[in-house]
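> Make the full structure from the sequences, and use the hints.
As they're listed, the protein sequences go chains E and B. Going by the working numbering, the first sequence opens with residue 22, and the numbers climb by one from there. Going by the working numbering, the second sequence opens with residue 186, and the numbers climb by one from there.
For the record, the hints were derived by calculation from the structure and aren't laboratory data. Computed from a prediction, not measured in an experiment: that's the story for all the values here. Wrong hints could be hidden among the right ones.
Claimed, not checked - If you only want the chain B side, here are some residues facing chain E, beta carbon under 10 Å, derived: (1) Leu-215; (2) Gly-221; (3) Asp-223; (4) Cys-230.
What the hints assert, rightly or not - Simulated crosslink set (EDC-like; lysine to aspartate or glutamate; CA at most 20 Å straight-line): (5) Lys-220(B) to Asp-56(E); (6) Lys-294(E) to Glu-306(E); (7) Lys-220(B) to Glu-60(E); (8) Lys-294(E) to Glu-276(E); (9) Lys-220(B) to Asp-207(B); (10) Lys-294(E) to Asp-253(E).
C-beta atoms are modelled at their ideal positions from N, C-alpha and C, and glycine is treated no differently.
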Amino acid sequence: MNAFTYARAADVADAVRRAGAPDARYLGGGTNLVDLMRETIERPSALIDVTGLPATIEEREDGGLLIGAAARNTAVAEHRAVRSRYPMLSRAIVAGASGQIRNMATTGGNILQRSRCAYFYDHAGSRCNKRVPGQGCDAIEGLSRTHAILGASPSCVAVHPSDMCVALAALGAIVHLEGASGGRVVPLTDLHRLPGDHPEIETVLEPGELITAVELPALPLARRSTYRKVRDRASYAFALVSVAAALEVRGDTVEDVRIALGGVATRPWRAWKAEAALRGAPATEASFRAVAEAELAEARPLRDNGFKVELAARTITAVLGELRGGGA
Amino acid sequence: MSITINGSAAELPDDPRVSLLDYLREHRQLHGTKKGCDQGACGACTVLVDGERILSCLALAVQYEGRSVTTIEGLSDGGDLHPVQRAFIEHDGFQCGYCTPGQICSAVGMAAEARRGVPSSVTADLSAETIALDHDELRERMSGNLCRCSAYNGIVAAIALAGAEAAR
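So this is what it looks like as structure tokens:
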């Protein structure tokens, strides 16, 4: 681990001011950044501890929630209003990592966690465009079983590892940012970039910009929502495929639906095509399967991960069926 | 800069690179907390901070200024072992013992989470006020603690026993 200075931010303005230092990084729970620093993949000159910034979960009059970026993953998952109004978010968070890590990890840090691609971590032996821009990617021709089938480029095929972000994408969460030139808001679905030719630039955040909060809009539909994660082990493993979904059925017709995918794409993947195709369609397994296939039509599997296409289609179909209820 | 370790105040290191795990083991000579993977994958380094279980290998010690850390050495009350420690002995909840301090600290923190209703990925009813630690819940909630001797049956039995005694 390289040498760095450490300071606790007194407030948001203090954090943003300190982030003007070259190679400064915000530090949340440390569960990803400290590990990457130990591997010398991250080499910040200054750490600005933002865990003392607002961690409150504020219930808004319109039924939405405002989650302070320093709120720990456990605190969000266990919050009464999250459990009742946004169950998919509670379920997504507790599907990720372990109890110990969820007690440390912050909301902002979870959103900005970096790739778990083995080729990204293997700084001694593998090329990676995220780690060394322009170097090349050994993942594409390598062991590709866990890599992305959606949103990849010839430069990068790494999946976004977060479970929480999949639920936030489905819920239409709005991320609040503060930077040297002021504050702004960005939808979670626009925050992470597709890799394109620059996989090292992972988000639309400007240098030094800080996530201060995540806003969940009021969404009555989300009361009937869930998250399902398919992985190699029963617990404590990253997703091969995951689905966050909410479904509202009137009569036999889908009134409204939200679907997002994890484990298959280079960013939290909102299934806009599937949602649009399903609104107004019969709430049948045949419809669910058809819209899943429509969403996955642009999937581009590599040598080892073709199974994710069928696995994702089946998981989407099963989750929508579960939310609809009433048997198959 | 100070921190409380097992009830006693201590000075934090000047170098911010020191992990809480290395601080406990190398600076405070508290060798009960174990270094397994040193990358957040095994749970051997689990300690309690203000009652919450965390991984001390991924924690920079300086981040915990003013907080209260409990390690395996601080769980027992003088000569009296913590009920979870006694249960591990009674049920052979270990073989080599390397993961055991982390397992025990994790179990203590985990039980508190379940009591206050923190859901897990196998919790059916998210509205539950408190979670009964049945077999599936217990195993899921302890999944961040690996045991390479695979003494899992004894570990699960020990934690279940301690939980049942605490509920009495």
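> Does each hint fit the structure? Answer for all of them.
Going through the hints against the structure:
no. : hint                     : result
1   : Leu-215                  : 18 Å, violated
2   : Gly-221                  : 13 Å, violated
3   : Asp-223                  : 7 Å, holds
4   : Cys-230                  : 9 Å, holds
5   : Lys-220(B) to Asp-56(E)  : 14 Å, holds
6   : Lys-294(E) to Glu-306(E) : 17 Å, holds
7   : Lys-220(B) to Glu-60(E)  : 16 Å, holds
8   : Lys-294(E) to Glu-276(E) : 16 Å, holds
9   : Lys-220(B) to Asp-207(B) : 8 Å, holds
10  : Lys-294(E) to Asp-253(E) : 28 Å, violated
In summary, the structure is inconsistent with hints 1, 2 and 10 from the numbered list given earlier, while agreeing with the others.
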